[in-house]
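Here the first sequence stands for residues -6 to 107, numbered as in this note's numbering.
Simulated from the structure, these hints should not be mistaken for laboratory data. It is possible that some hints are incorrect.
As the list claims (entries may be wrong) - List of simulated lysine to any residue pairs, SDA-like, C-alpha gap at most 25 Å: (1) K36 to R54; (2) K14 to V81; (3) K43 to E66; (4) K77 to G29; (5) K77 to L45; (6) K14 to G73; (7) K43 to Q20; (8) K36 to N56; (9) K14 to G57; (10) K43 to N85; (11) K43 to V80; (12) K43 to D79; (13) K77 to Q20; (14) K14 to A39; (15) K36 to Q20; (16) K14 to L40; (17) K36 to Q1; (18) K77 to N56; (19) K14 to G29; (20) K77 to Q67; (21) K36 to A(-3); (22) K43 to E78; (23) K77 to G26; (24) K36 to R86; (25) K43 to A(-3); (26) K36 to H(-1); (27) K43 to P11; (28) K77 to W94; (29) K36 to F92; (30) K43 to Q67; (31) K43 to L91; (32) K14 to P62; (33) K77 to S12; (34) K36 to Q46; (35) K77 to A39; (36) K14 to A68; (37) K14 to W49; (38) K36 to G26; (39) K36 to F61.
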Amino acid sequence: MTTATHYQHIWRTVQLIPSGKVASYGQLADLAGLPGRARLAGKSLALAPKSLQLPWYRVLRSNGQLAFPLGSEQANLQKGLLQKEDVVVLNNRVNMRLFQWSPNLIDILCKLEY
DNA sequence: ACCTTGACATTGG
DNA sequence: GCCAATGCCAAGG
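Let's have the full structure, built from the sequences with the hints guiding it.
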């Protein structure tokens, strides 16, 4: 498997996150069939062509924090996009307990992928 | 080829 | 909650 392929898996998978929901980089990697490779998920979002129009802003750190520094241009943009979907961001952070994915949904998504 | 830098995560103190 | 240590690994220098 080439890294380009890995990126494409991530790009395909991130589009499965429904509006109004969020996932962590680790979950994204897992769903893409790349367990333990959260870092790769971040990398591939960073390098994704803008033309793909990915919902990158629905991906957060495992503790719910935005991946960008508080007050940065990127963080503000992400916060705005999330709040437009009624996801509350406080102190650069989302309450992940409100967004736990049910195991059967994860199951469905995994089957969609492969 | 070696080193550093990240849109990361988990564990242990 | 904070920090350091580990594990992860592609990109760019």
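Hint-by-hint comparison with the structure:
1. K36 to R54: Between K36 and R54 the Cα gap is close to 13 Å, so the pair holds against 25 Å.
2. K14 to V81: holds, 11 Å
3. K43 to E66: holds, 17 Å
4. K77 to G29: Not OK: K77 and G29 at ~31 Å, beyond 25 Å, violated.
5. K77 to L45: With Cα atoms ~20 Å apart, K77 and L45 stay inside 25 Å; holds.
6. K14 to G73: holds, 14 Å
7. K43 to Q20: At roughly 22 Å apart (the allowed maximum being 25 Å), Q20 and K43 satisfy the hint.
8. K36 to N56: holds, 18 Å
9. K14 to G57: holds, 12 Å
10. K43 to N85: holds, 24 Å
11. K43 to V80: holds, 23 Å
12. K43 to D79: Roughly 24 Å between the alpha carbons, so the hint for K43 and D79 holds.
13. K77 to Q20: holds, 23 Å
14. K14 to A39: holds, 20 Å
15. K36 to Q20: holds, 14 Å
16. K14 to L40: holds, 22 Å
17. K36 to Q1: Distance of about 12 Å is within 25 Å: holds.
18. K77 to N56: holds, 21 Å
19. K14 to G29: holds, 22 Å
20. K77 to Q67: holds, 15 Å
21. K36 to A(-3): holds, 11 Å
22. K43 to E78: holds, 20 Å
23. K77 to G26: Measuring from Cα to Cα gives roughly 30 Å; hence the hint is violated.
24. K36 to R86: holds, 21 Å
25. K43 to A(-3): Holds - the C-alpha atoms of A(-3) and K43 are around 16 Å apart, at most 25 Å.
26. K36 to H(-1): Holds. K36 to H(-1) sits at ~11 Å (cutoff 25 Å).
27. K43 to P11: holds, 19 Å
28. K77 to W94: holds, 21 Å
29. K36 to F92: Answer holds: K36 to F92 is near 23 Å, not above 25 Å.
30. K43 to Q67: holds, 14 Å
31. K43 to L91: violated, 29 Å
32. K14 to P62: At roughly 21 Å apart (the allowed maximum being 25 Å), P62 and K14 satisfy the hint.
33. K77 to S12: holds, 10 Å
34. K36 to Q46: holds, 16 Å
35. K77 to A39: holds, 22 Å
36. K14 to A68: holds, 17 Å
37. K14 to W49: Judged against 25 Å, a Cα distance of about 12 Å means the pair holds.
38. K36 to G26: The hint holds at about 16 Å.
39. K36 to F61: holds, 14 Å
In this structure, the hints that do not hold are numbers 4, 23, 31, in rising order.
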